[in-house]
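Use these hints to put chain Y with the ligands onto chain A, whose structure you have.
Residue numbers (our numbering), protein chains in the order written: chain A, 1 to 555; chain Y, 1001 to 1252.
Hints in this document: simulated from the structure, not taken from any laboratory. Being a predicted model, the structure only gives us computed values, none of them experimental. Treat the hints with care, as some may be off.
Stated by the list, open to error - Derived CB-CB ranges, DEER-like:
no.	chain 1	residue 1	chain 2	residue 2	range
1	A	Arg313	Y	Gly1240	52 to 60 angstroms
2	Y	Gly1240	A	Leu158	52 to 60 angstroms
3	A	Arg258	Y	Leu1233	49 to 57 angstroms
4	Y	Thr1123	A	Ser445	45 to 53 angstroms
5	A	Thr399	Y	Val1140	51 to 59 angstroms
6	A	Arg307	Y	Thr1123	31 to 39 angstroms
7	A	Ala457	Y	Glu1187	29 to 37 angstroms
8	Y	Ser1171	A	Asp283	47 to 55 angstroms
9	Y	Asp1063	A	Arg185	40 to 48 angstroms
10	A	Ala179	Y	Trp1200	41 to 49 angstroms
11	A	Ser445	Y	Gly1035	53 to 61 angstroms
12	A	Arg170	Y	Arg1081	36 to 44 angstroms
13	A	Arg428	Y	Asp1063	12 to 20 angstroms
14	A	Ser445	Y	Ser1171	51 to 59 angstroms
Said to hold, decoys possible - Quick list of in silico lysine to any residue cross-link-like pairs, SDA-like style, CA-CA up to 25 angstroms:
no.	chain 1	residue 1	chain 2	residue 2
15	A	Lys320	A	Gly237
16	A	Lys320	Y	Pro1073
17	A	Lys320	Y	Asp1045
18	A	Lys320	Y	Gly1219
19	A	Lys320	Y	Ser1143
20	A	Lys240	A	Gly210
21	A	Lys320	Y	Ala1071
22	A	Lys154	A	Lys320
23	Y	Lys1216	Y	Ser1197
24	A	Lys320	Y	Glu1228
25	A	Lys320	Y	Arg1065
26	A	Lys320	Y	Glu1166
27	Y	Lys1216	Y	Ser1143
28	A	Lys320	Y	Ser1197
29	A	Lys264	A	Thr157
30	A	Lys320	Y	Leu1066
31	A	Lys154	A	Gly270
32	A	Lys267	A	Leu352
33	A	Lys320	Y	Pro1064
34	A	Lys320	Y	Ala1165
35	A	Lys320	Y	Ala1107
36	A	Lys320	Y	Cys1201
What the hints assert, rightly or not - Quick look at which bits of chain Y chain A covers, simulated, 3 or more residues with Cβ under 8 angstroms:
no.	segment
37	1065-1074
38	1127-1135
39	1178-1185
40	1189-1196
Yeah, the Cβ is synthetic: ideal placement off N, Cα and C, and Gly gets one too.
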Amino acid sequence: MAAPIDLDDVVRFEREERARFVRRALVCTSTACVTAGALPVRDRLTAALDEAERTDIGVVSTGCPGLCSRGPLVRVEDRAEQTTIYTHVDTEGAGAIADEHLLGGQPTDGATTMPPDLPFFARQERVVLETAGRIDPERLEDYVGEGGYHALAKVITLMEPAEVVDAITRSGLRGRGGAGYPTGRKWALLAEAEADTKYVVANGDEGDPGAYMDRTIMDSDPHRVIEGLAIAAYATGATKGFVYVRAEYPLAIERMERAIRAAKRAKLIGRNVLGSSFAFDLDVRVGAGAFVCGEETALMASIEGRRGLPVLRPPYPTEKGLWGQPTMINNVETLANVPAIIARGPDWFASLGTESSPGTKVFALAGSVADTGLIEVPMGISLREIVFDMAGGIPNGRTFKAAQTGGPSGGCIPAQYLDTPVDYEHLRDLGSMMGSGGLVVMDDSVSMPEVARFYLAFCRDESCGKCVPCRVGTEKMHAFLDRICEGTGRRRDLQHLESLARTVRATSLCGLGQSAPNPVFSTLEHFRDEYEALLVDLEEPDAGNRSEEVAHEPA
Amino acid sequence: MSPREPRATVPVTIDGQEVDAVEGETILSLARRVGVPIPTLCYLDGLSVHGGCRLCSVEVDGDPRLRLACATPVWQDMDIRTSTWDLQEHRRRIIELLFAEGNHICATCVSSGACELQDLAATNRVDHIHYELSYADEGVDASHPKYVLDRDRCVKCTRCVRVCAEVEGASVWEIAERGGGSRLVAEMDVPWGEASSCTWCGKCVLVCPTGALSFKGRGVGEMRHDAEVVAFLSRARNEGEWVNRTDEEVPS
Ligand SMILES: Cc1cc2nc3c(=O)[nH]c(=O)nc-3n(C[C@H](O)[C@H](O)[C@H](O)COP(=O)(O)O)c2cc1C
Ligand code: SF4
Ligand code: FES
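Just chain A, same shape as in the assembly:
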């Protein structure tokens, strides 16, 4: 049996190795850049170096640095801490970068580059994405070289499980999967549960349209998720874990699986982790891509090989989860925060962000902004800073109309709230929610009833069909929106839409149905005049039309 990995040895070796290079080209090979043609770019760079027989210049395939709209991205690091970021690189451009910059030592003339102090990067606070985009996600040593797995080693050698739970509780970390439940409290529940087998699960289903934070974490820094899970297992007494990834994320699946194999070989998971008595077995489970399978009870059914339908809670997963055993489900981003909290301490983490929402949040920026991509910002930052300072504002001479957060469960935030701090409570008070971190910016050309219709169609299509209000209610709400958007809706259609939305919210079984009306409520709250303008009978409703409300006085 091989000995466990010596982390400090690896760090030393990686440092020496790094020092050997005069220059390195970091090529993003995350999903967006690969789609834009990053692999031929990387191969072109490698070929040029091979031809020149230069082994002191490196080409590294990295994960995602975030500025996806300008990919493929190539970052050239000269030894003197000097970095040039080339954007929209094609193979021809790669040839020029290889010849002039990598081999010639001079930044390539005429290529599109990015100022190093671009606010898109400068304003970020990277905890979860600390090493994403800087390391090769397919090399365990790269992660270890940046301090990876040291937190796991620390908890195993220096901390009691209860101390780990306590550290997470004190950090104030809250679930990044949507609801913001205090993570430490969840860990404590699993730790208290008594059973022979307990499970921890990383939820990487990420079904919200437009969201790809978790995908990026998994394909750009898979070991961070593994380390977070292993620490969670140690703290709670779990011995078996799963990373649940949707099938639409082939690169994330491949890299998670590869990383798990590497971690097993290095004895960072498996039996006798790092030579201790702690054992933790980990596997990837691939989901078939239903949005509802991100809901924790449906997710567990899916892992067990059953139909992914939500079931009634209680019992909660920490009481009765996978195969009847106590189980804890944490979002991928939640877990990716854990190594840093352990390494740098809960007080450091609690000092980031706001008092009630400490830490950072990764957002997937999309829509009408100059730069789209992934950003990690401290909680409490204002929408205005994100949209106008970091993302470069609204292009094409248009103006800001609304920001949609929280995906199909969230809502639209209008311009007058641009200065609201972005955290769980403030977004909820505005009728939206943090959700998993999708942020779609809309300009004044967008019709808000259309937006509501779009998200409602998503929920209708993704409803599992188990309960009546969601299965049929979303369909009928959509029918009312169809009429309104197409200009044939009457006032009573709007009234029925609203009353039905209340019933769907109040009576649906799981979060999908309960929150499906949110886009309707929030657009009605902030943009009711747009609905009104589409109605064909604008006069005041007469009492006769409101039969549903008045015809049945309570007996």
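Frame of chain A; chain Y with the ligands shown alone:
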């Protein structure tokens, strides 16, 4: 614990009435015992709880969420309201949604006069459907020699699925697909008559709340279901009592 042994009671308020509830029983069981009507559709005595129709939703004081009467055990000093105006409205809308989803044309239905959906509409005073009708068009599966399935009348309560799996042990039925497209299928979506696992016991037909499952050859209004057979069977199995017990015992 033997079923005869009296169980501890807890004080509970239901619609303003102070009653003694049996510890661990559901709100629904309590309500039925003390004569408070709560509408149900997917729930059936003797089967596992499904929680899909949502008709039994009730308000519990201090709880921001509605609770399902069929699934929620009572707790001490619980204050339950079963027929607030909001609840009545929610129920009416859910019933309307069911009518809009399927083809529930009572005048042509085998189960008219003995249909739980029809009864729900009457008792909850649904006299108009405000939602766009779906005009379901799944067609009729009459391939079984004894029974007929009309999917357009199915409310997806899964009683048939559960009775077949849990009582008969045959597991012929399952719901396939999802959302509005979900449909009741026999085995791997074969015509019922070709489902070799079907034992022809007919329990699914007996528990169906609507005219979706019926005995072959019944005309309009001629179908009679007998959903209580399940409670009878489960009592016989679990308590060894081969009796129809219509009035539950009140705990001493
Ligand atoms: C319809 C629905 C979809 C969900 N999808 C996800 C998802 O894709 N990823 C996720 O982490 N949580 C999702 N959740 C939330 C999970 O149920 C669960 O609360 C979460 O994974 C817990 O992790 P956290 O405490 O770290 O946030 C979803 C919930 C609902 C109701
Ligand atoms: S709310 Fe929708 S997704 Fe959730 S259980 Fe009900 S039908 Fe399924
Ligand atoms: S009877 Fe309770 S949900 Fe159907």
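Practice problem: Mind checking the hinted window 52 to 60 angstroms against the Cβ distance between Gly1240 (chain Y) and Leu158 (chain A)? | Solution: holds, 59 angstroms
Exercise. Between the segment 1189-1196 of chain Y and chain A, see if three or more residues pass the 8 angstroms beta-carbon test, and mark the coverage as holds or violated.
Key: It is violated: at least three residues are needed, and the segment 1189-1196 of chain Y offers just 0 whose Cβ sits closer than 8 angstroms to chain A.
Exercise. Given the hint that Lys320 (chain A) pairs with Gly1219 (chain Y), test it: the Cα-Cα distance must not exceed 25 angstroms.
Key: With a Cα-Cα distance of about 47 angstroms, the restraint between Lys320 (chain A) and Gly1219 (chain Y) is violated, given a limit of 25 angstroms.
Practice problem: Mind checking the hinted window 29 to 37 angstroms against the Cβ distance between Ala457 (chain A) and Glu1187 (chain Y)? | Solution: Given about 32 angstroms between the Cβ atoms, the range holds.
Self-check item: Given hint Asp1045 (chain Y) paired with Lys320 (chain A) - CA-CA distance at most 25 angstroms
Solution: Holds. Lys320 (chain A) to Asp1045 (chain Y) sits at ~24 angstroms (cutoff 25 angstroms).
Quiz item: When you check the alpha-carbon spacing of Lys320 (chain A) and Leu1066 (chain Y), does it fall within 25 angstroms?
Solution: Roughly 22 angstroms separates the two Cα atoms, so the pair holds.
Practice problem: Given the hint that Lys320 (chain A) pairs with Ala1071 (chain Y), test it: the Cα-Cα distance must not exceed 25 angstroms. | Solution: Status holds; Cα separation ~16 angstroms.
Quiz item: Has the given pair, Lys154 (chain A) with Gly270 (chain A), been kept, meaning a C-alpha gap of at most 25 angstroms?
Solution: holds, 17 angstroms
Practice problem: Confirm or reject the claim that Ser1171 (chain Y) and Asp283 (chain A) have a C-beta distance inside 47 to 55 angstroms. | Solution: violated, 28 angstroms
Self-check item: 8 angstroms C-beta test of the segment 1178-1185 of chain Y against chain A, three or more residues
Solution: holds (count 5)
Quiz item: Does Ala1107 (chain Y) lie within 25 angstroms of Lys320 (chain A) when you go C-alpha to C-alpha?
Solution: violated, 47 angstroms
Quiz item: Keeping to a limit of 25 angstroms between CA atoms, is the pair of Lys267 (chain A) and Leu352 (chain A) held or broken?
Solution: violated, 33 angstroms
Violated hints for the displayed structure, listed by number in ascending order: 1, 8, 9, 18, 19, 20, 22, 24, 28, 32, 35, 36, 40.
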